[in-house]
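Fit chain B to the given chain A structure using the hints.
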Amino acid sequence: MLHVGLNHFLVISSLLFCLGIFGIVTRRNAVMVLMGIELILNAANINFIAFAKYGNFGLQGQMIALFVIVLAAAEAAIALAIVLNIYKIFSTVNVDEIDTLKD
Amino acid sequence: MTEVLLTQLSVAVLFLPLLGFAFSIFLGKKLKWAYLFEISTLFIAMALAGVIAFFKLGYFTGKDIVSEFEWINLGNTPLFGWIKIELGVLLDNISVIMLLVVFLISFLVHLFSIAYMKNDIRYNRYFAYLGFFTFSMTGIVITHNVLMMYIFWELVGISSYLLIGFWYEKKSASDAGKKAFIVNRIGDLGMLAGILILFATYHTFSFEKIFFAISQGHLPFNSGFWLTITGVLLFCGAIGKSAQFPLHVWLPDAMEGPTPVSALIHAATMVAAGVYFIARIFTILTGDALLVIAVIGALSAFIPATIALTQNDIKKVLAYSTISQLGYMVMALGVGAYSFAFFHLITHAFFKACLFLGSGSVIHAMHHEQDITKMGGLRKKMPITYATFLIASLAISGIPLTSGFLSKDGILAGTYAFASITGHWLFPAVGFFVAMLTAFYMFRLIILTFHGKPVDEHKYEHAHESPWVMTLPLIVLSTLSIFIFYTPNPVDANAGLFLSKWVKAPVISVPTYARYPFMVDDTQMKQPAVNAETNHREIVYSNQYTEAVHHAHYPAMFLSLLVATLGILFAFMMYQWKKINPDNVAGRLKPLYQLSYNKWYFDEIYDATFVAGTLAFSRILNWFDQYIVDGIVNGTATVTRTFSYVSGKFDTYVVDGLVNFVAYLSGLIGLFFRAFQTGRVQTYIVFVIFSLVILLFLFKSF
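So the protein sequences, as listed, match chains A and B.
Going by numbering that gives the first Met the number 0, the first sequence opens with residue 0, and the numbers climb by one from there.
Going by numbering that gives the first Met the number 0, the second sequence opens with residue 0, and the numbers climb by one from there.
Just so you know, not all the hints are guaranteed correct.
A few chain A residues that don't get close to chain B, going by computed Cβ distances all over 10 Å [as the list claims (entries may be wrong)]:
#1 Gly4
#2 Leu5
#3 Leu38
#4 Ala71
#5 Ile77
#6 Ala78
#7 Val82
Pairwise CB distance ranges (calculated) [claimed, not checked]:
#8 Thr677/B x Leu9/A: 28 to 36 Å
#9 Leu670/B x Phe21/A: 25 to 33 Å
#10 Leu100/A x Asp655/B: 33 to 41 Å
#11 Phe56/A x Lys699/B: 22 to 30 Å
#12 Leu70/A x Phe698/B: 38 to 46 Å
#13 Val3/A x Thr677/B: 36 to 44 Å
#14 Thr641/B x Thr99/A: 54 to 62 Å
#15 Leu670/B x Phe89/A: 23 to 31 Å
#16 Val661/B x Thr99/A: 28 to 36 Å
#17 Asp655/B x Ser90/A: 47 to 55 Å
#18 Asp655/B x Thr99/A: 45 to 53 Å
#19 Val680/B x Leu9/A: 22 to 30 Å
#20 Val661/B x Phe89/A: 37 to 45 Å
#21 Asp655/B x Thr25/A: 23 to 31 Å
It is worth saying that the hints were derived from the structure and are not from the lab.
Ideal Cβ placement from N, Cα and C applies to all residues, glycine included.
One chain only, chain B, in its complex shape:
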């Protein structure tokens, strides 16, 4: 297995889903089995992704495989210099892991959809869109340059639009699709600006070359401040895609799409793309940019967690928990806990996909009932769904022996260590508080759905366990939520290959003065790790940081365990044992409850400000168009019309008049002479005689 072969395989993996998409979309109307072709291409691609991951992680652990080709060469242009655009593939550890996760979850979602979407009128088209989505996401994962990243970024946007609005007969679904797309575009604008700054400065889109140039001290506009600006602008793209505050509003609405789509979009693909992108550009983020990212992440972790407490729609709860967990990852990146952020991205992908598919299974069984207050007691009817859902919930709550415990604990330890160095204690505080909220709302969800007595007896009677194509993905995903796949030691994530060998924070390229102080290497190494062999060092950033993380490990672990248990306990007290009446609590904290129940009024605020503002602005433009622009056009038209009217009149009366007059005159003269031409000989004789007489008088000689 050579590097070239790996690259070729990755390109094959990229285009296989596209093939499936093309087949299914073009032949889907004729061939009933077109979706099977799409699923099989995806299966092959998943197998290939597994092969790539195996060989890359096994044999090229410390080496990044880059392969590129020249796409566009504009040569030496005036004012700008050389413009050469290259496309290519970058296979490093995080990209191959991500590749495998994307395809694994995508395949499981396909499998799940076979049963879930049964009897849908656009069955084949649905699978075509899924394939297209997977293709777009793969492009993001394996690209080696920021331009291709942007292209596939937008492809993800459009395919998410198609999938969220898949049931477009429903107004709310088509609106949700539009909302997701437009809100994403807002973030992408910032990202585009960042990309253009990078290209203008470095004349290349390649990550590798940009990072190298920055590590050589070549900065945009020669200032660290502009590097911060660039980083924040690029982060804007991630804000949109990963549904971070303040652009998180599209994600809850995106629940209008089919539930497997939610699982795909909100677990491993679209929203993960934002975090993945930050991880990609992590090395060029300055201290200030990272702080911005951390603050946004903390807000995104906190606000949706509070909203999730009071929501009654099973998917809405999961949607807000997704934003909250993504906020965790972004915050972790912001505080420098790079590897744990990526770790959480992976573990979250599995258990959140499991939760979404589990909710899909419940919704399927309840005949499209999504309100958890109308469920209950489903544990007995759907044992497999319940068990898998429970494992995934334990994972997201951060209970030991699960993957979520390891990654979440790592993130909390990271924020704790960060706070102990810099004094920003708000980050760990938010982190732990959100961990408690997460445990609470997840178990509220479980208890209301699966425990207790059924609320709606009729629907309960008809509920049934889902077919194997739906339960198998649940079982696989819940199994992957157990610690053993990541580390042999359930309390120490670093014991596993995943963190000790595969995922390491990259060497920071930012000049030392612009970094966080703790990211400045104080190990006195003369040779900072630039070459590939020493790329993954034992010491992350600095001794100071390593020490802080070391100290943070145990307090963070116990604290996180404590808050998670507290959260679960509260949930049981309120909903299982009914020791505390939730309505009383809601009544006691009415303003807070209202705030949470109404989602902090974000939609209302945006409607009142941005949407209404845009509408008002368009009305002004409309007015301007109608009265000024149209006025000018109409004015010109009126002037022209008047002029041509005058000119027409001149033509009819003067020119035509002249011509007609000449004709009339000729006619008149003709008429006069005609009178003489009577055709009667007598008349002519009279003329002759009169003429003779006249001549006689004229020439008389007498």
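Chain A on its own, in the form it takes in the complex:
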């Protein structure tokens, strides 16, 4: 019988985290990078909840997870607004080409 324990949660969340990182690092599209960030945030949420369920922390874990979801929504709104502005100025959302600060 498959018993779902803390380790499964942790593995899932670390896989998600790694995928998020991978997305951030490899994607050139700013929207994709934002999606990577979302994945990382959600991986963290899973960790919070898992530790809340299996640890002796009360409801603090769930509270922070909710907080992070709200935060992620706000962040997504602001970041997408930035991306839209970037697109307006540069006609692209490719992060590699947006390097005018370099020079």
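Relative to chain A, chain B alone:
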């Protein structure tokens, strides 16, 4: 008229020609009449010279007027002692006579040149040079010290250079100028050495003080031998200036100058300076030195006389006759006939100036034809020139009633007397022989030029008598060639004031052992004449000499008259009456004729020895310069270059390399770190993650 005033006048006379020179040379380009200013200053100077001569000879006959001022005082120097250089003026009888003669002839030459040089492009400059020349000569005449003599001596050299090379567009003229200057310099070197010996010994340049010191027995290096050396060295200067053998070669070439210049240089000024200088220092010449002088004089009288026989250029004949006559004077000084030598200097100045100006008149009339074989018959066309030329020729040949007879006869008598005492019979022999040659070549010249039929009809037709500015000097000079100006008795020169009062041999200062024996005073006078009053004594040198001169007088006179007549007769036989064919004589005596015609090959010999030697020596020096000196310099340069090349390489590769390497290294490191600074957030994130992972592994506590 006081002595001070006379001195001041003489200084004025000295500087007036210089003023004329300065005016004419600086303003000559702007003012056409600048030469007139020069001539008038010269005229004033001549008048003043006349005044000086009149008062000096009239009122201060026996007194030498000396005036000096301190020029340079170096104080008491170590090793040498007091050095004080004084300049000054000495007016004695010979200097004032000379002064007058110089200015008289110079003025006449100026006058002559006005017409002769007409249309010359450098008219004013020509007169400026004449003035400069006269200035230099005046300095020689009136100086009281040997240094100033030397200074003006050189000024005469440079002004003669300017005048001889006046037509410098002609190569031969500029060469002649250089030759005259360089040959003179050779003699001057000896003179300078003599002057330095005198100065080193006596610490003064003044004639008076030197003579006095020598008469007190103070000799250079305390030896009579060195006094002889000094005398001969000083004489070297005179050899150069007076064109004596062996430095006579410049004078014939100097004929390249304008003819009035020849008259000035070869009659009264430059060449006279040498004789004048010997006369000045006569009192310190030892017996041996005098003998050297006599020998040189005899050679100079003889050799050019033989050359003059065959020359065809009218001026060349006169040039060689000048050397010959100067040789007479020098020989006369050498044998002790002091006063006659000076007398001949004066008389020769007049008649030779007349001859040169006469030849100038002929050349002018013949349109610059100088070859006497192309002339002839000019007597009718140019009567005044002919008459004056004839009188001057008679004078130089030594025919009675002329001044030349008196002075030449005196010189011949002097050599005769000298020979009768010392036994040197060669001197009178040369003297008489040269007298014959002189008469011969002078009349050859006259006959070919003025007598007979014209050779070149075309030129003859165009010939004409010269204008009065040219004939007047001729008339004046030929008049001065007549005896009456010097003595009332045409056969006795001593009857006149010139020799009896004015020109007397000075008291010899040389110690008795170094003199000619006959110059030792044997009159038993206890008080040798040192003070001014008794300076001019009746007895010259000694009783023995006076007696010998007395005995020599008449034989010499008749003999000289005889040889002169013979010479003239030969000339007439050959060229006038054609009894003897000159070509036959020339063919018979071919080697002698060739020798004479080619001027004894002096120029060729000098070219082959001294000139070629100098050239060879300069080539050696050139080689030395090019290979040794330049080699050293170039070698040093090469070493330096190599060293700097190495040093440069070290700089480029080692020092710069080090610096560049450091920079390169920094760059490399920068490049390496730059790779991390991509500006991409993703890259940084990768780094962060990897670092985190590494840190985790490093600090793992599990």
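Status of the hints after comparison with the structure:
1. No beta-carbon of chain B is positioned within 10 Å of the beta-carbon of glycine 4/A; the least distance is around 19 Å.
2. Under the 10 Å C-beta cut-off, the non-interface status given to leucine 5/A relative to chain B holds; the minimum distance is some 16 Å.
3. Distance check for leucine 38/A against chain B: the nearest CB is about 14 Å away, which clears 10 Å, and the non-interface claim stands.
4. The Cβ of alanine 71/A sits about 18 Å from the closest Cβ of chain B, beyond the 10 Å cut-off, so the non-interface label holds.
5. Consistency note on isoleucine 77/A: stated as away from chain B, and its beta-carbon is indeed over 10 Å from all of that chain's, at 16 Å minimum.
6. Remark: the non-interface label on alanine 78/A is consistent with the geometry, its nearest Cβ contact in chain B lying 13 Å away (cut-off 10 Å).
7. Listed as outside the interface, valine 82/A is consistent with that label: its C-beta sits roughly 14 Å from the nearest C-beta of chain B, beyond the 10 Å cut-off.
8. A hinted range of 28 to 36 Å for the beta carbons of threonine 677/B and leucine 9/A is consistent with their spacing of about 33 Å.
9. In this structure, leucine 670/B and phenylalanine 21/A meet the distance hint of 25 to 33 Å, their C-beta atoms being roughly 29 Å apart.
10. Between leucine 100/A and aspartate 655/B the Cβ separation comes to about 37 Å, which falls inside the hinted range of 33 to 41 Å.
11. At about 25 Å, the CB distance of phenylalanine 56/A to lysine 699/B agrees with the hint of 22 to 30 Å.
12. Restraint check, leucine 70/A to phenylalanine 698/B: a C-beta distance of roughly 30 Å breaks the suggested window 38 to 46 Å.
13. A hinted range of 36 to 44 Å for the beta carbons of valine 3/A and threonine 677/B is consistent with their spacing of about 42 Å.
14. Taking the beta carbon of each, threonine 641/B and threonine 99/A are about 58 Å apart, inside 54 to 62 Å as hinted.
15. Checked against the given bound of 23 to 31 Å, the beta carbons of leucine 670/B and phenylalanine 89/A, roughly 29 Å apart, stay inside it.
16. At about 34 Å, the CB distance of valine 661/B to threonine 99/A agrees with the hint of 28 to 36 Å.
17. Between aspartate 655/B and serine 90/A the CB atoms are about 49 Å apart, so this pair conforms to the stated range of 47 to 55 Å.
18. Checking the proposed 45 to 53 Å range against aspartate 655/B and threonine 99/A shows it is violated: the Cβ atoms sit about 39 Å from each other.
19. A beta carbon spacing of about 27 Å between valine 680/B and leucine 9/A agrees with the range 22 to 30 Å that was offered as a hint.
20. The supplied range of 37 to 45 Å is met by valine 661/B and phenylalanine 89/A, whose beta-carbon atoms lie about 41 Å from each other.
21. Roughly 47 Å separates the CB atoms of aspartate 655/B and threonine 25/A, a value that falls outside the hinted 23 to 31 Å.
Going through the hint list in order, the structure does not satisfy hints 12, 18, 21.
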